Amino acid sequence: MRTRTIAVFRKFISIDYPLTIDTLSEEFQISTRTMRNEIREINDFLHKRALPLISSIRNKGFIIKGTNEQKQLVKIALQQLPVSPILSKEERQFDLLLAIAFSVTPTILSQKENSYYVSKSVLDEDIRKLKLRLKKYDIELVSQPKLGMQLVGLERSIRLMMYEVINQYASNLNYEQPLKELNLIQQLLFSYIPQMLINKLFELAEQTMSQVHDEIYKQQIVIFTAIWVIRNQQHHHLTKIRSDFIHNDSGSINQFIRLVCQHAALQVSRQEQQYIIYMLETFNTKDINNSIDWLNAQLLAIKLVNYVEEKTQIPFSIKQEQLYENLCKHLAGLIARVSNNIHIINPLLDNIKQNYGVIYSAIAQFILNLETTLSNKVSEDEVAFLTIHFSAFASEINQERSYYFKAVVICDHGIATSNLLAQSLKEFFNIEILAILARNDQHLLQQLDFDLIFSTFPLPHYEHPVLVLEPILKEKNHPIITDFLAKNRDHQRMVNHCTDATDLFYALVNLIEESGGVVSAPIYNQLEKCLAINNLKINKRKIQPMLKDILTDDDIILQQTCSNWQQAITFVAQPLLQKNYISKNYVDAMISSLEQYGPYIVIGKNLALAHARPEDGVNQLGLSVMTMRDPVDFGNQDMGPVKIIFCLAAIDSFSHLNIMRSLIELINDESKLDRLLMCNCVSQFKAILFNEPTPALT
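Straight run, no breaks: the sequence shown in full-length UniProt numbering ends on number 698.
These are computed hints drawn from the structure, not numbers from a lab.
From a predicted model like this one, the values you see are computed outputs, not experimental measurements.
Using N, Cα and C, we set each Cβ at its ideal position, and we do this for glycine too.
Wrong hints could be hidden among the right ones.
[Claimed, not checked] Below 25 Å or equal to it, Euclidean Cα-Cα: the simulated BS3-like pairs (lysine-lysine) are:
1. Lys11 x Lys65
2. Lys426 x Lys476
3. Lys60 x Lys75
4. Lys131 x Lys146
5. Lys129 x Lys89
6. Lys406 x Lys311
7. Lys474 x Lys406
8. Lys11 x Lys48
9. Lys311 x Lys329
10. Lys329 x Lys353
11. Lys218 x Lys200
12. Lys686 x Lys605
13. Lys303 x Lys605
14. Lys377 x Lys303
15. Lys112 x Lys131
16. Lys71 x Lys60
17. Lys377 x Lys135
18. Lys120 x Lys131
19. Lys353 x Lys487
20. Lys377 x Lys329
21. Lys48 x Lys71
22. Lys643 x Lys686
23. Lys146 x Lys120
24. Lys426 x Lys487
25. Lys311 x Lys487
26. Lys89 x Lys136
27. Lys605 x Lys643
[Unchecked claim] Simulated restraints, written as ranges between beta carbons of each label pair:
28. Glu27 x Glu91: 18 to 24 Å
29. Lys377 x Glu176: 33 to 39 Å
30. Ser655 x Pro458: 54 to 60 Å
31. Glu27 x Gln233: 42 to 48 Å
32. Met546 x Lys426: 41 to 47 Å
33. Arg493 x Asp350: 30 to 36 Å
34. Gln111 x Lys377: 35 to 41 Å
35. Glu380 x Gln234: 29 to 35 Å
36. Tyr404 x Lys353: 28 to 34 Å
Work the whole structure out from these sequences, hints included.
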């Protein structure tokens, strides 16, 4: 017997007065027709056991008539009943979609009416809502003779829809617990996607993707793969598959899919395997293996950090090395997901929005401004994942600093009382008392740098917050002061507990080199760790070379004539090639990358940044620049023909970030760019680019 039927049954046993059909229908939120069916089923049960039936009393309602002994027998019989759950509206719709998408037998609505114990009108309303839901995926829900309900649309859209539906209803898979101990939603899911399959997919994921430590990503991979497996087993294959998917043939996702195909005995085309590998790679943060993703992620990470730092006033740049590395990998995956309209679910979304609201809001605003350049909308879940990256570093930064207020005490009760009030504020609260003033000394406030005023008498309006206190602080005053400080936390100051040891770091490096030693990369990293252990920090911005540190006179070519973009890239790379900062392979790789991906290196109006991957032939960090007498068409209609082109040779993902920042600033300063394009003199070009006084022409 179903849960709801048993609930109705218990209702009749518990009362000794009649209930109308309308009262029962309203209490159990079902139609009067459905309630009469419930009563009919209960009476069938009672009749078979020769127990008193639910009977109708004219104009009064329904009641079980019987002696106390008979009612006790009914209770005992009820306790022995096996329970079948009644599905809620959401559970019914979830089960319907699972059945239509994954069931091996046709989904016939009349049969579902009986199994759900609902009327045709109720099920028709469920179908109407499902059709509305499917509309955004361009999927139709149609009924076909003998085949039942069918999903009609692109197969990749159907899979994406089911992925999002499963994540909405069953975001935390419990694949190890016995089925009967799981909640109803998971029981429904595992009745169509076997729990054993989910278990096996997790096992294969652990076996092949040990480097993926984030369980959220791993679960998303498993859900998406399970949908792929079931749909393929039922001969629902992809059509119109792209053939240009780029992925690592020896990568962990590739190994995972090979094992999945073996386990499930899947016979799928090479193209479909490439599709699922590509899709699954977008779920994780990923190493960037092509130039266009590298550039997009780098520019996006720099702009994002700058924006969030400005909006939150949290100095994320002091932790920039690891933050940028994490962000670049995450953003590369995010760009791929957004491009393919893949919605990854973040079960911590509400918690993140509540606890890290300031950072979340700043990132959300940045993304909103960015969405005009992206093909699809960025979800709140993606914003929450980015917030996690920033919040981790925000917590780390906060551990290295403390906050305090500078305050002035104004008291008209004598020196001793004034000092006592000041000392009490210092003792119980994180306040530095800058001065103690008498009533007649208020004019001195204009000469002091402070945040708050504590006074023993009302003061006229000041720009600074004022709290009036009793001259002798009592315990009852403490909550008032605490509340006052909390309301004015924006005025507090910060002190870092870490000492800036950048100059010391360089002194140690120079000492090693002067003594005949070599500062290799491992030695360099060990020095950093050594200082960090001793609570000494290094300013990464100071260590990173600036634009003026690497761009020499020899790296600047002015008013060059080029016949096409290939020649422009070849010419601008010559200074770096002559100094052996790059190899000929690097020049070829830049041209090849542009031929493959199009004019992605045009990053601003009339400005291009030629580059390739560090492994394509970079020997040393370098930058060169060339202005062109006549603009060269790179094929980017939005940004126009290129008039100035930079060539960047990056040795890693971090050391060139200051250079990238300078280029972003240049993109946003059209007047500066126009002045550079007019230059015929290298010294003037450098002065304008580096924001230095322009030398007079001789």
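Status of each hint after checking the structure:
no.: 1; hint: Lys11 x Lys65; result: 14 Å, holds
no.: 2; hint: Lys426 x Lys476; result: 17 Å, holds
no.: 3; hint: Lys60 x Lys75; result: 24 Å, holds
no.: 4; hint: Lys131 x Lys146; result: 20 Å, holds
no.: 5; hint: Lys129 x Lys89; result: 10 Å, holds
no.: 6; hint: Lys406 x Lys311; result: 24 Å, holds
no.: 7; hint: Lys474 x Lys406; result: 22 Å, holds
no.: 8; hint: Lys11 x Lys48; result: 20 Å, holds
no.: 9; hint: Lys311 x Lys329; result: 23 Å, holds
no.: 10; hint: Lys329 x Lys353; result: 23 Å, holds
no.: 11; hint: Lys218 x Lys200; result: 13 Å, holds
no.: 12; hint: Lys686 x Lys605; result: 20 Å, holds
no.: 13; hint: Lys303 x Lys605; result: 17 Å, holds
no.: 14; hint: Lys377 x Lys303; result: 19 Å, holds
no.: 15; hint: Lys112 x Lys131; result: 17 Å, holds
no.: 16; hint: Lys71 x Lys60; result: 21 Å, holds
no.: 17; hint: Lys377 x Lys135; result: 17 Å, holds
no.: 18; hint: Lys120 x Lys131; result: 16 Å, holds
no.: 19; hint: Lys353 x Lys487; result: 21 Å, holds
no.: 20; hint: Lys377 x Lys329; result: 20 Å, holds
no.: 21; hint: Lys48 x Lys71; result: 15 Å, holds
no.: 22; hint: Lys643 x Lys686; result: 17 Å, holds
no.: 23; hint: Lys146 x Lys120; result: 19 Å, holds
no.: 24; hint: Lys426 x Lys487; result: 19 Å, holds
no.: 25; hint: Lys311 x Lys487; result: 19 Å, holds
no.: 26; hint: Lys89 x Lys136; result: 21 Å, holds
no.: 27; hint: Lys605 x Lys643; result: 9 Å, holds
no.: 28; hint: Glu27 x Glu91: 18 to 24 Å; result: 20 Å, holds
no.: 29; hint: Lys377 x Glu176: 33 to 39 Å; result: 35 Å, holds
no.: 30; hint: Ser655 x Pro458: 54 to 60 Å; result: 58 Å, holds
no.: 31; hint: Glu27 x Gln233: 42 to 48 Å; result: 44 Å, holds
no.: 32; hint: Met546 x Lys426: 41 to 47 Å; result: 43 Å, holds
no.: 33; hint: Arg493 x Asp350: 30 to 36 Å; result: 33 Å, holds
no.: 34; hint: Gln111 x Lys377: 35 to 41 Å; result: 38 Å, holds
no.: 35; hint: Glu380 x Gln234: 29 to 35 Å; result: 33 Å, holds
no.: 36; hint: Tyr404 x Lys353: 28 to 34 Å; result: 30 Å, holds
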